[in-house]
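Trainee: Spelled out, the chains give:
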Amino acid sequence: AQSVTQPDIHITVSEGASLELRCNYSYGATPYLFWYVQSPGQGLQLLLKYFSGDTLVQGIKGFEAEFKRSQSSFNLRKPSVHWSDAAEYFCAVGPIGGGNKLVFGAGTILRVKS
Amino acid sequence: EAGVAQSPRYKIIEKRQSVAFWCNPISGHATLYWYQQILGQGPKLLIQFQNNGVVDDSQLPKDRFSAERLKGVDSTLKIQPAKLEDSAVYLCASSLDPGATYEQYFGPGTRLTVT
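First to last, the sequence lines map onto chains R and H. Per the numbering used here, residue 39 is the first one in the first sequence, and the count goes up by one each step. Per the numbering used here, residue 125 is the first one in the second sequence, and the count goes up by one each step.
Be careful, since some hints might not be right.
To be verified - From chain H, some residues computed to sit far from chain R (all C-beta separations above 12 angstroms):
(1) Glu138
(2) Gln141
(3) Ala144
(4) Ser151
(5) Thr155
(6) Gln161
(7) Gln183
(8) Lys186
(9) Gln204
(10) Pro205
(11) Asp221
(12) Phe230
(13) Arg235
(14) Thr237
As the list claims (entries may be wrong) - Chain R stretches covered by chain H per the calculated footprint, using a threshold of three residues with CB under 8 angstroms from any CB of chain H:
(15) 94 to 102
(16) 143 to 149
None of these hints come from the bench; they were simulated from the model. C-beta: ideal position from N, C-alpha, C; glycine also.
Generate coordinates for the entire structure from the input sequences, incorporating the hints supplied.
Mentor: Okay, structure coming up:
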C-alpha cells in the first residue's frame, strides 16, 4: 500500500542553522512527491513538488528537496533557517486511485530557537 | 485572487449533535476536496468532487458523514450524529483539475471539538 513516513515528530534547530526533514515513501511506480507547510491556524501551503527530471527541486522560501529513488526518500532541506520557518511540514505522495489523490505523512513540527 | 474560504473556523458541539461545515473554493477550480486532520496526523482525504460529481469517497464514514457540492461550486460537509473521535480540523482544498500534477490550495480549516 502507498504510504509516507516522516520519522521525526519534532525537530528543533537554531536560527541560522541548516535544516533537513526526512521523508520516506512506499509507492509502486514513479511517484509524484510534495512538501507542504502548515503554520498554526492556517491551511497547508505547497513548498515544492517533484514529478520527473532533475532530482533536486527548488521551492519557495529557500527550500529544496532531493528525490532519491534508491532510498525511497524525498528529504527537505534549507541551508539557513529563519524564525518564521517554525511550522509543521508534511510530505505527500501520489497519484493514488482513480481520483489521483495524495497520501500525507504525519508531519514534522519544526521549532526554531534564537 | 481570493483563496479557499471556510466557515465556521471553530465549532464545539456535544456528542450525538449534528454539525455542518461550508467551503467556497477558488473561482474556476473544478475539483474540491474535504480532508480530516486529527491532531498528530496528516490530512486524510474524506471526499473528492469533480464539479458536482463524487470522484472518491472511499474513506468517508457514510453512516454519519455526508457532503454535497451543488452547482459545482460551494460545498458542505455534514456530520450527524457526531462522535468524540470526530474531533479534528476539517480542511477544504480545491484545484483546477483532478490529478496530482495540479496544486491543491487549502483553506484555513474548521476546528471541531466534540465533547
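Trainee: It remains to establish, for every hint, whether it holds in the given structure.
Mentor: Hint check results:
For Glu138 (chain H), the requirement that its beta carbon stay farther than 12 angstroms from each beta carbon of chain R is met, with the minimum near 24 angstroms. With a least beta-carbon separation of about 24 angstroms from chain R, Gln141 (chain H) lies farther than 12 angstroms from that chain, consistent with its non-interface assignment. Against chain R, the non-interface label of Ala144 (chain H) holds: every CB pair exceeds 12 angstroms, the least being about 19 angstroms. With a minimum CB-CB distance of about 17 angstroms to chain R, Ser151 (chain H) clears the 12 angstroms threshold, and the non-interface call stands.
Against chain R, the non-interface label of Thr155 (chain H) is violated: not every CB pair exceeds 12 angstroms, the least being about 8 angstroms. For Gln161 (chain H), the requirement that its beta carbon stay farther than 12 angstroms from each beta carbon of chain R is not met, with the minimum near 9 angstroms. At roughly 9 angstroms, the least C-beta separation between Gln183 (chain H) and chain R is not larger than 12 angstroms, which violates its mark as non-interface. At roughly 17 angstroms, the least C-beta separation between Lys186 (chain H) and chain R is larger than 12 angstroms, which holds for a residue marked as non-interface.
Listed as a non-interface residue, Gln204 (chain H) keeps its Cβ farther than 12 angstroms from every Cβ of chain R; the least gap is roughly 25 angstroms. Every Cβ of chain R is farther than 12 angstroms from the Cβ of Pro205 (chain H); the closest lies at roughly 27 angstroms, confirming the non-interface assignment. Residue-level check failed: Asp221 (chain H) sits 9 angstroms from the nearest beta carbon of chain R, not beyond 12 angstroms. Not every beta carbon of chain R lies more than 12 angstroms from that of Phe230 (chain H), the smallest distance being close to 3 angstroms; the non-interface claim is violated.
Its beta-carbon lying about 8 angstroms from the closest one in chain R, Arg235 (chain H) breaks the requirement of being farther than 12 angstroms from that chain. At roughly 15 angstroms from the closest C-beta of chain R, the C-beta of Thr237 (chain H) stays outside 12 angstroms, upholding its exclusion from the interface. Note: the region 94 to 102 of chain R has 0 residues with beta-carbon separation from chain H under 8 angstroms; the three-residue rule is not met and the coverage is violated. Remark: the region 143 to 149 of chain R is confirmed as covered by chain H, as 3 of its residues place a Cβ nearer than 8 angstroms to a Cβ of that chain, reaching the required three.
Hints 5, 6, 7, 11, 12, 13 and 15, counting from the list given before, are not met by this structure.
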